[in-house]
Amino acid sequence: MKVARLGPVVGVGAVIVAAVLPFVGLHVPWILPGAVDVVNSTGTLTVLALCFIFGGVALGYDVMFGFTGLLSLGVVMHFAAGVYVFDIALTHWNWPLVPALALTFGVTLVMALVLGAVALRVSGIAFTMVTLAFAQAFYYLIQDNPHGLTGGDTGLALSSTRLPAFLSGAVSNTRNLYWIALGFLVVVSAVVWVVTESATGHVLVAIRDNERRVEVLGLRPFGFKLAAYTISSLIAAGGGVVYILLVGTAVPSAVATVTVTLSVVIMVVLGGAASRWGAVTGGIVYVYLQQYLVKVAALPSFATLPAFLRVPLGQPQFLLGAIFVLFVIFVPGGLAGALARARARRVGRRGARAPSSP
Amino acid sequence: MSVFLTLAFSSLALGAIYFLAASGLSLIYGLMDVLNLAHGMFMTLGAYAGWDLATHLPATWNAAGVFVAEVVAAILGGALAAGLTEVVLIRPLYGRPLSQILVTIGLDLAVVALLLGGFGSSSLTLPVPLWLIEATRSGNLILAHADFIAIGLGVAVLVALEWFLKRTRYGITIRAGVENREMVQALGIDVGRAFTLVFVIGGAMAGLAGLLYSVTFAGDLISPLQGDSLLIFALIVVVIGGLGSIRGSAVAALLVGVVQDYTNYYLGTHSGLAEIGNLSVVLLLALVLEWRPRGLFGRTV
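Those protein sequence lines, which keep their order, are chains A and B.
Just so you know, my numbering puts 305 at position 305 of the first sequence, and the rest follows in order with no gaps.
To convert a position in the second sequence, counted from 1, into my numbering, add 1000.
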């Protein structure tokens, strides 16, 4: 498998290229998502940073969904917990950065363990529904604005007074936040690589393929499933922290609704469940497309289209949903599955194993 | 006491709507193992179908006639959307249950976005007869007329559904399929047609639920996202009642309606507890699962 060994090289190469992008002042027409067609413009770097954040969150989610076979629809709860706990600690309580981070991960760890343990009392579809209900309850809690902490509907802007100067919300810091987002993705990739290559990772895959067999082997699946749930949740919370640093405002409709969860599911499935690079690519491509389509819909020439084209094409969520439906039906295994099939055809070897399709 | 009774009446109406929303979901899952996350979208489409028809009717129609037309349009709209979904998207994916769930996720996102694009994100007002907005009062007892409609239609659908499942050939096929699909197929009965049928029935009930929800609890307003929040409660009802059980759905729908309405009234006025009704329902779900992981009427496998 020559191509398989190329994987790490491509990955490291992509990270290096991404790391130097903020120094590239090239003018590139058409393809950039930012308002200005320059590679290191603030708009483009912000969108790319979002891509990295959700690439990481999607990869973390893949540990639970693709590798362990748990279709949780509650991932947004842990993402939003990361966003809000960090935001509240800095903005309302005026905590310094490090204690705020410690609090955020402490709270999200407890949340993941407790809620994960309750949800994992049931399996299969019931688990999916329970996680969805928990996430929705968390959304209501945020909407409720308890003790004026979350700001309810209007949201909560991050106060940057206690942040180190290089992180404060100034536009000139976009470059730093971009690197932090990239760093987040690299760290998540390393963690997920270690987890999935470890003995525990193999048990997770075994649980997905046949839980009963794992039990017969004398292992208790519950602990492993809870571990997968917790790892995914902590990664989502970490993504939430980087998100609030980058975006600067937490609004429930953007960070806490079920739409975020569904988007993450779509990212993983588009890229290829149980494929590490697939999940990351899915996350990056999804966010990039979403932002890019918003830009296209805002073009002056777009308004001249007839309504039957303008209305659907002006809704990125419609196009992404439709693309996703087509992918599920016609491209099982997502991008990773398609590549594996193409590779198998080229090598001319039958039975080359594609990543398992959902 | 009269407050207590007023709440009992309105929670009965809420329960009726949850039953309409949840029982189709439960039947679809019971028969096909498909978790239909586009069910909320059917509810939204039902409400929009009613609104759309009402705005196109000639002004000479009286208000009651318009409302009846809205109800019929909601039922047909939901049924049509669900039937198409099953034939076009679910059918090619038989034997791939996870893909079927995923397809319904994509469909829900796409259609809701389309509604947002076509009708805007702000709510639209459903034209209803004046009588429906009023309430019958006796002392402190207040019985909203819209609640009468919801309860009446909910009970009618429950009775019709029980009759259909017990007495008709298709109904018996569906019930048998929910119990043991392989056995029914082994007997040479075409289950595929039953699949489409449960989707159509479920979609019709969902469309009705979407419209009734607007009329009873949303001040006659409809919005593209209403179905998604209703779907969450429908899912909770299905899990509490037990997957695949109609009677379970009915009981759980009442239970959820009562818990939500009473906690909302007695606790929701305290500061920081405005969403207590919704939260208590999730707590109820967690408690039921701790006590009975398969729900109240769930099958023991």
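Please keep in mind that the hints were generated in silico from the structure rather than gathered at the bench.
Among these hints, one or two may not hold up.
[Stated by the list, open to error] Chain B stretches covered by chain A per the calculated footprint, using a threshold of three residues with CB under 8 Å from any CB of chain A:
1. 1090-1099
2. 1230-1239
[Said to hold, decoys possible] What follows is a list of derived Cβ distance ranges for each label pair:
3. A/G7 x B/R1169: 51 to 61 Å
4. B/G1118 x A/E211: 27 to 37 Å
5. A/R220 x B/I1133: 36 to 46 Å
6. B/A1069 x A/R341: 48 to 58 Å
7. A/V171 x B/L1267: 58 to 68 Å
8. B/D1033 x A/G348: 52 to 62 Å
Remember, predicted model here, so these are calculated numbers, not experimental data.
Every residue gets a Cβ at the ideal spot worked out from N, C-alpha and C, and that includes glycine.
State the violated hints by number, sorted upward, taking the hints as numbered earlier in the document. 4, 5, 7, 8
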